[in-house]
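Undergrad: In order, the protein sequence lines correspond to chains A and B.
According to this note's numbering, the first sequence is numbered sequentially starting from 1.
According to this note's numbering, the second sequence is numbered sequentially starting from 306.
Since the hints were made in silico from the structure, they are not lab data.
Bear in mind the structure is a predicted one, so any value in this text is a computation, not a measurement.
Please note: incorrect hints may appear among the correct ones.
Said to hold, decoys possible - According to the in silico footprint, chain B covers these stretches of chain A (three or more CB under 8 Å from chain B):
| hint | segment |
| --- | --- |
| 1 | 42–49 |
| 2 | 269–281 |
As the list claims (entries may be wrong) - Rough simulated footprint, nothing fancy, chain B against chain A, three-plus residues with beta-carbon under 8 Å:
| hint | segment |
| --- | --- |
| 3 | 60–67 |
| 4 | 145–158 |
| 5 | 219–227 |
| 6 | 259–265 |
Glycine included, C-beta positions come from ideal geometry on N, C-alpha and C.
Number of protein chains: 2
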Amino acid sequence: MSKSETEFKSLLKSHATLVENTLIDLLDDARVGCEIERPSRLMKAMRHSSLAGGKRLRPFLVIESAKIFAVKSQQAALAASALECIHCYSLVHDDLPAMDDDDLRRGKPTTHKAFDEATAILAGDALLTLVFDILAKQETHNDANTRIELVKLYAQNAGLGGMVGGQMLDLEAEVKPSINEQEILTLQAMKTGALIRAACEAGAILGNASKEDRARLFEFGKIIGQAFQLADDILDITSDAQTMGKQTAKDAGKGKGTLVSLYGLEASQTRAKELLDQAIVTLEPFGEKASILIEAARFTVERKN
Amino acid sequence: MSKSETEFKSLLKSHATLVENTLIDLLDDARVGCEIERPSRLMKAMRHSSLAGGKRLRPFLVIESAKIFAVKSQQAALAASALECIHCYSLVHDDLPAMDDDDLRRGKPTTHKAFDEATAILAGDALLTLVFDILAKQETHNDANTRIELVKLYAQNAGLGGMVGGQMLDLEAEVKPSINEQEILTLQAMKTGALIRAACEAGAILGNASKEDRARLFEFGKIIGQAFQLADDILDITSDAQTMGKQTAKDAGKGKGTLVSLYGLEASQTRAKELLDQAIVTLEPFGEKASILIEAARFTVERKN
Numbered sequence: 001m002s003k004s005e006t007e008f009k010s011l012l013k014s015h016a017t018l019v020e021n022t023l024i025d026l027l028d029d030a031r032v033g034c035e036i037e038r039p040s041r042l043m044k045a046m047r048h049s050s051l052a053g054g055k056r057l058r059p060f061l062v063i064e065s066a067k068i069f070a071v072k073s074q075q076a077a078l079a080a081s082a083l084e085c086i087h088c089y090s091l092v093h094d095d096l097p098a099m100d101d102d103d104l105r106r107g108k109p110t111t112h113k114a115f116d117e118a119t120a121i122l123a124g125d126a127l128l129t130l131v132f133d134i135l136a137k138q139e140t141h142n143d144a145n146t147r148i149e150l151v152k153l154y155a156q157n158a159g160l161g162g163m164v165g166g167q168m169l170d171l172e173a174e175v176k177p178s179i180n181e182q183e184i185l186t187l188q189a190m191k192t193g194a195l196i197r198a199a200c201e202a203g204a205i206l207g208n209a210s211k212e213d214r215a216r217l218f219e220f221g222k223i224i225g226q227a228f229q230l231a232d233d234i235l236d237i238t239s240d241a242q243t244m245g246k247q248t249a250k251d252a253g254k255g256k257g258t259l260v261s262l263y264g265l266e267a268s269q270t271r272a273k274e275l276l277d278q279a280i281v282t283l284e285p286f287g288e289k290a291s292i293l294i295e296a297a298r299f300t301v302e303r304k305n
Numbered sequence: 306m307s308k309s310e311t312e313f314k315s316l317l318k319s320h321a322t323l324v325e326n327t328l329i330d331l332l333d334d335a336r337v338g339c340e341i342e343r344p345s346r347l348m349k350a351m352r353h354s355s356l357a358g359g360k361r362l363r364p365f366l367v368i369e370s371a372k373i374f375a376v377k378s379q380q381a382a383l384a385a386s387a388l389e390c391i392h393c394y395s396l397v398h399d400d401l402p403a404m405d406d407d408d409l410r411r412g413k414p415t416t417h418k419a420f421d422e423a424t425a426i427l428a429g430d431a432l433l434t435l436v437f438d439i440l441a442k443q444e445t446h447n448d449a450n451t452r453i454e455l456v457k458l459y460a461q462n463a464g465l466g467g468m469v470g471g472q473m474l475d476l477e478a479e480v481k482p483s484i485n486e487q488e489i490l491t492l493q494a495m496k497t498g499a500l501i502r503a504a505c506e507a508g509a510i511l512g513n514a515s516k517e518d519r520a521r522l523f524e525f526g527k528i529i530g531q532a533f534q535l536a537d538d539i540l541d542i543t544s545d546a547q548t549m550g551k552q553t554a555k556d557a558g559k560g561k562g563t564l565v566s567l568y569g570l571e572a573s574q575t576r577a578k579e580l581l582d583q584a585i586v587t588l589e590p591f592g593e594k595a596s597i598l599i600e601a602a603r604f605t606v607e608r609k610n
């Protein structure tokens, strides 16, 4: 294992812990904001949905992108945790019976299974709302212009033109007779790509980066978003439920078109490696400062779960 | 009809039209932001959920509160429309089978009836996300500090400690053996009160009002929020489905505790009038400038639907 790889593995763990602890504090703060009564069942469901572990890849990307521009650790942790709340809320809603109808997530019961559907819908809503409460905090950045830029970034990438729109296209694709390569790429760029890109851009925004540097991070995010999804689709076929902590081969089972079903397994693996090479080239101007992000790109392609 | 009352009725209509048109433009803009593909079914569901008419009381309060501080009309319309998106998304989610399970809203099929559950969940999510995209726009206010203050206000009043928390308490109250006056007041202050208060405060924030003036608008919003809910509970008993455009007497039918069931009908009507008097006193320092807001308070208490 190279020095960078060892460092990456260690940082992936420590950033996940930082995000977990930041989320615990943020949820506690949010509770204090409640008038008189504290809807404790809702709080519990929000904790269940957001403190369930996981790789925390999106917040990792926020923190490491921010590090390139010497952003303060607390600011990066807050922006990272806000982004993770978007990811967590989306999992809660996507798992609902009316959507993907999943019982298991990271080896644990999904929120509507652990609680009930109404609580899961509201926990998702509350997590999404919390995102913007976090971004509005002065602790996230001293300059209100920067905070507003993050609000815009997160809202646009999470909404109709991003993640939620992509989830809608995904649901529609399930009942379509067929889906072509471009439709799959668009769907994935919105459903999973948007948040990964936003994670990388967030660091540049926090660090008041130049337009060029921000564009580089955007591009890097775009490429690894594609690589991440491709790796996911490959794992959906090659891995098993125990390793993934969730149902696998379910896309194939639903007859759902993925890039792997179009390209074939081997060509998909080759394509994933190409994307990794592109990602590395994109970050070259940052030199050594980007070594951990490059390891993160490698990880998204080569991970086993 | 007094001059103020005539003017109020006319403004209620024209502000509703302004908000409707602003929402149409905002939804069109949001669509342009989509990458390549436009999830048209989701767009349609968002339009169905947000352009269904209604009194538009909350945005009316934003616009009229803002007028006291001579805020530009476009800024007030944007902040008002953003708040209305929160209200509309909450109706979509609250109507879902897992929650209040309503088929009818303003005389039309609810979003999950007109489309399907998954689309309704996503349309709600996308509307909530759009709120913050709107608030982040420079057109909403030139000063990013003001926009961030609105982000904070809306997020805190819509989330765990406000509207969503109140909806959770409401669902829990349905299965409780009994609920006392304080519990009902808290629940209502969160579920419906929070957004009405936020509407009134938003005008003060947009207008860079003094701390005292903002506190007055907060207080006014708090009182009319209570009055609004009390009037709603009275109407639930005295009105019929045709007038209300939705199912009535359903709270009583569910054996759900309301203030009317605690106080009795006559005492509730007296209490609503007391609240109106308090609301009027709160706005006295603004003199003639607050005459329309006072008519709005009268309307919330005396409305027939």
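Undergrad: State for each hint whether it applies.
TA: Structure-based check of each hint:
1. 42–49: holds (count 3)
2. 269–281: violated (count 0)
3. 60–67: violated (count 0)
4. 145–158: With 10 residues in contact (Cβ-Cβ under 8 Å with chain B), the coverage given for the segment 145–158 of chain A holds.
5. 219–227: With 0 residues close enough to chain B, the hint is violated.
6. 259–265: Violated: only 0 residues of the segment 259–265 of chain A have a Cβ under 8 Å from chain B.
Violated hints, in rising order: 2, 3, 5 and 6; the structure is consistent with all others.
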